[in-house]
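If you're matching them up, the sequences are chains Y and P in order.
The first sequence: position 104 = 109 (the numbering used here), numbered continuously.
The second sequence: position 72 = 92 (the numbering used here), numbered continuously.
Some hints here could point you the wrong way.
[To be verified] Straight-line C-alpha distance at most 35 Å; calculated DSBU-like pairs for lysine-lysine:
no. : chain 1 : residue 1 : chain 2 : residue 2
1   : P       : K77       : P       : K37
2   : P       : K89       : P       : K37
3   : P       : K38       : P       : K85
4   : P       : K77       : P       : K91
5   : P       : K38       : P       : K91
6   : Y       : K75       : Y       : K64
7   : Y       : K75       : P       : K85
8   : P       : K85       : P       : K37
9   : P       : K91       : P       : K37
10  : P       : K91       : Y       : K75
11  : Y       : K61       : P       : K91
12  : Y       : K75       : P       : K77
13  : P       : K77       : P       : K38
14  : Y       : K75       : Y       : K61
15  : P       : K77       : Y       : K61
Think of the hints as simulated: they come from the structure by calculation, not from any bench.
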Amino acid sequence: TQLLEQSPQFLSIQEGENLTVYCNSSSVFSSLQWYRQEPGEGPVLLVTVVTGGEVKKLKRLTFQFGDARKDSSLHITAAQPGDTGLYLCAGNTGNQFYFGTGTSLTVIP
Amino acid sequence: EAQVTQNPRYLITVTGKKLTVTCSQNMNHEYMSWYRQDPGLGLRQIYYSMNVEVTDKGDVPEGYKVSRKEKRNFPLILESPSPNQTSLYFCASSLLAGGISRSPLHFGNGTRLTVT
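Turn these sequences into a full structure, and let the hints guide you.
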């Protein structure tokens with residue numbers, strides 16, 4: 006089993022604050038994906054990063070893949086209530102996907 | 021509408037009573053997979069399939085079976101369910117275009133299974 010650890014597990018912040026979620030592993034992955042999941046629904050892809058050191062921006066969200074392709078981070082600028090949800094990282098090796106334990110984010114208006 | 025459809029959404033059953041959770045996708049995806057989601061453990065892969073008649077074990081296959089007789093369907097079978105299989109189950113599919121590492125997983129809305 007290739008363990009992906011996410012931190013923090015829970016995060017509650019005020020609207021307008023910035024935050025960073027981390028996804029760490031001792032394993033090397035071909036790619037790292039970030040998903041967001043809302044209650045009663047399946048996860049929805051936010052971004053895929055495939056190159057070590059790669060940085061991708063999606064509006065107020067910035068994703069980074071570590072140089073060694075073992076870790077990733079998600080930074081949200083000026084969080085909004087609509088950002089509330091469960092954020093999951095997923096690493097791909099071969100034909101399998103390994104998911105992190107998740108970060109539950111609550112943005113308070 | 022492109023989607024992955026799971027049925028049922030909710031299922032309560034008793035120990036030992038065989039059940040099947042269906043999964044169907046209308047996107048002509050080659051790759052399909054099943055996951056279970058448990059608090060504090062995240063999503064764990066049960067089985068996956070690269071194409072018709074090709075299935076492989078994921079991280080937690082014990083107590084589960086799958087089949088892939090058609091490209092669009094990938095049912096999950098619990099021959100003799102036990103209480104430790106109580107969980108939230110997700111089916112996902114992917115096109116594999118550009119390689120699996122670059123392909124997004126498209127998830128169904130989940131099946132909440134309770135085994136008493």
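(request) Kindly indicate which numbered hints from before are broken by the structure, ordering the numbers from low to high. (result) Violated hints: none; all satisfied.
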